[in-house]
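Protein chains: 2
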Amino acid sequence: MKHDAFLMKDLLIENESKIIMLVLDGVGDIHTPESPRTSLELASTPNLDALARVSVLGRHMPISMGITPGSGPAHLALFGYNPTRKEYDAGRGVLESLGIDFDLLPSDVAIRGNFASRDASGFLTDRRAGRIPTSECDRLCGMLQEKVGVLDGVEIIVRPVKDYRFALILRGEGLSPLICETDPQKTGLKPVPPTALDPEASKTEVLLQKLVETYNKILADEPRANTVLLRGISRLPTLESMWSRFGLRPAAIATYPLYRGVAKLVGMELMPMVDTIEEEFRILQENFAGPHNFFFIHIKRTDSYGEDGNQKGKIEVIEEVDRYIPVLRDLNPAVLMVTGDHSTPHVMKSHSWHPVPFMLHGPFCDLDGTEAFNETECDRGRLGIFPTVQIMPLALASAGRLLKFGA
Amino acid sequence: MKHDAFLMKDLLIENESKIIMLVLDGVGDIHTPESPRTSLELASTPNLDALARVSVLGRHMPISMGITPGSGPAHLALFGYNPTRKEYDAGRGVLESLGIDFDLLPSDVAIRGNFASRDASGFLTDRRAGRIPTSECDRLCGMLQEKVGVLDGVEIIVRPVKDYRFALILRGEGLSPLICETDPQKTGLKPVPPTALDPEASKTEVLLQKLVETYNKILADEPRANTVLLRGISRLPTLESMWSRFGLRPAAIATYPLYRGVAKLVGMELMPMVDTIEEEFRILQENFAGPHNFFFIHIKRTDSYGEDGNQKGKIEVIEEVDRYIPVLRDLNPAVLMVTGDHSTPHVMKSHSWHPVPFMLHGPFCDLDGTEAFNETECDRGRLGIFPTVQIMPLALASAGRLLKFGA
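Listed in order, the protein sequences are those of chains A and B.
Per my numbering, the first sequence runs over residues 1 to 407.
Per my numbering, the second sequence runs over residues 1 to 407.
Treat the hints with caution; some may be incorrect.
It does not matter which identical chain is meant; a pair holds if it fits inside one copy or across any two.
Calculated cross-link-like contacts (lysine-lysine; reagent style PhoX-like; alpha-carbon spacing at most 25 Å) [claimed, not checked]:
#1 LYS349 <-> LYS9
#2 LYS86 <-> LYS9
#3 LYS300 <-> LYS404
#4 LYS404 <-> LYS349
#5 LYS217 <-> LYS300
Since the hints were made in silico from the structure, they are not lab data.
Computed from a predicted structure; not experimentally measured.
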C-alpha cells in the first residue's frame, strides 16, 4: 500500500467505544533445544489464558522477516505508523526528551547523553559510568547546567533522564542534527569527536566539540562520571496525531521515558509517571471513564529481564501482569489487546526479529479455539502472521469505528 | 508492489486451459460464543468437501486487515486489480449502468438513482419507495425519459435497474461527476440538494438541481415513488482488460447489475441475465466449450441472507450451490476455484473485514490434507492468509499459463 493510512481517514466514524492496548515489552521468546519452552509457556497465566479463549490470536511482524526493531520503530508500528518511513524517524534524543516531558521545539537538536568513565589517557573504561543512580545523575546535570547555560549564542539545556542517562538540548539558530554519535560502542576506545555528517552541520560540530571539552573539564574530578557520550542526535519529526489519523483520543501509561516519548510523538496524552505495575493499572482504572478512548499501557520489565537473559524474572513479570487482567476485563472495553512491541528472547539477551504474540478480544473477533496466550497458541491463531501496522485498523474495525471501503 | 500486474505480462503464455471462478458473495462467517459454527460449517456440502480433499485451501484478504470492502472493490481484487488504486475507483453509478448493459462513454456522468417517498413537507419517509417492484420502476423511468430527454443541451438518459433502483446518465460537454450524493442516508431528513464538490462541477450542479426539481413535479402524484435520490455520481474509469493483462477471454455469469458492471469494467463478456442458480450453471454448461477461457459465476444470495442475519437462508443457498459442484467438475476445467468476494457474517448483518474462504483445484495445487470447505479448514490450508489480488496469478500459474521469472 502506498500510504500506511491511505484510506483510513475516509472510513473513520466516531462512537463511544474504548480500546485498550496492553504492551508487555519484548514479551516474545523463541524455542531452542536448551530452552524448549518460552516464558509465556512456562508462566502460570490463568487470566491471560481465559482471555485467549474468547479472543482471536496471531503474531505480528514489526518490520519484516529478519529485521529486529528498536523500541521506537516497534512502538510506532503498534500505533499504526509505518516505522520505515524516513519522515517518522525519531532519534533517541528526541524520544528521551519527550519522555521526560520536555517541550521540544521543531528547531531544537535533541541528544541522548550517557555519563561514562574514562582513564587518564581518555580511553573509555565504562560506557555507563558504573550505572550511577538517578540521584547522582540529577546532581551532575544540575552542575553542568549551572556552568554552561549558553555557548556560542546557543542555549544549552541539560536534563536528567534515568540512571546514567541525560537529555541534552541545543536551542538556537542554524543548528543541524546531522552529527555522528560519539559513543564508540566499546570500552578501551576513545569517544569519537562530534563530527558533521553534512556541511550544513559544521556550526553544530564546532559547538559540540567545544561543549564536550568543557564538560570534560567540569567533570574531571568525578570518580565515575568523568565524561559524556552523545547519542541519537536528532530533531523532532512531525507525525500526524492519532486523533487526526484514527479519530482517537489516546492516553499513555508508561514508566520509561522512551516509551512516553514515542507516545507523545503520536499525540498521546501522558498519564502521570509511576513506578510499579500495580500503579500503572490503578492509573488506568482511575482514568478509564474520562475523555480518552484509547489506552496504551506499557510494561517494561519483560524486556529488561529478556535483555539480562533472566527467564525467571521475565516469567515473574508476566505472572504479575496476569493478575491484573481481570481489572482490564472489568472495565469492559470494546476492544482489549495484549501483545509485545517486539520479541526479546532471554536466550538471545537482545531484541530479535521473531514475530510477536498478539491477542485481540472484541465482539466480532472471530474465535479460533486457542486456549492460552503464548507463542505456540498464537501460531495456531486465526490471524496468522501479519504486519504490526495493521493492528490499529483491526482494532478500529473491531470497535465499530471503520466504514466499508467502496460500494 | 508498485504495479499490481508488474511482471505478469512478460510471463504470460497461451494454452487451451479453462479456468472457473465460482464466487459465493459474502460467504464467509465468523465464530462467536452465540454462533460457534459458521454457515459453511453447518451446511451439508458433500460435493464442496469432496472438492476440498483434492484442492488447496486458504483465506484471502481483499484489502488489508480491518478494512471491510464494498462489492466493487472486492470483485476488482478477485479479478486481479488492486482495488485501492485511485484510477480503478468505479462509482456505483458506473457499475449499475454497465450492469444493465448500457454503453457508457468516457465523458458520460453516470448516477445510481433510487425512487423514494417523501411527505408533503419534503421529508423522506422511505428511501426505497416501499421497495416498488421492477415493473413499477420500468413505468416510472419510461415516464421520466419521455418528459425530459434533453436539459440545458445535455442528453438525459434514464434506465430502470431493479426494484426501486434506476440509472441516470448525463451525456454532453463540460460535465463533472464531482457532485455530492443527495441521499441523506436516513428518513426524516430532506434530500441533500445536488452540490458541486469542486468548481469544475458548477454546470453539473445547476443541471442536476433543475433535473431533480423537474422530476419531483413529474412524480408529484405518485403514491410511493414521488421523489428521487441520486447516489454514486461517477465516470467510467479506464481499466486494462483481463485480456490485455492476463491473456484471458473472460465471461461473466451474474444476476445482479453491480457484479455485471464490475465484470464489464475489466472486459468480461456478459452472459445472458438469468434469475436462478440453476440457470446460471446451465449458462455455464452451454458456453463452456465456446471461445471463453475464464468463467466468473456469481451467486448473490449468500450475501443477501448474510445481510439479513438469516443463517438458515445462507446455509440453504450454500447447499443449493453444492449440488451443482459436480456440474463444474464434469466440465473438467484446468483450474476450478470456489470462494467469496468478502465475508458477510450473519451475526453482523453486514460485510466484514474478515479474510475469505478460498479453494483452488488444479493439477499442481499442492494438496494440504484439508477435508471440507469452510473457515476452519481454510485456516488449516496450505495457502495461509494472502492478498486477494494474488488469486489471478495463482490461477494462471495453476493453469500452466505463466512462465518462470528470470533465468
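Verification of the supplied hints:
| no. | hint | in the structure |
| --- | --- | --- |
| 1 | LYS349 <-> LYS9 | between (40 Å within a copy, 24 Å between copies) |
| 2 | LYS86 <-> LYS9 | both (22 Å within a copy, 15 Å between copies) |
| 3 | LYS300 <-> LYS404 | between (37 Å within a copy, 18 Å between copies) |
| 4 | LYS404 <-> LYS349 | between (44 Å within a copy, 13 Å between copies) |
| 5 | LYS217 <-> LYS300 | neither (36 Å within a copy, 69 Å between copies) |
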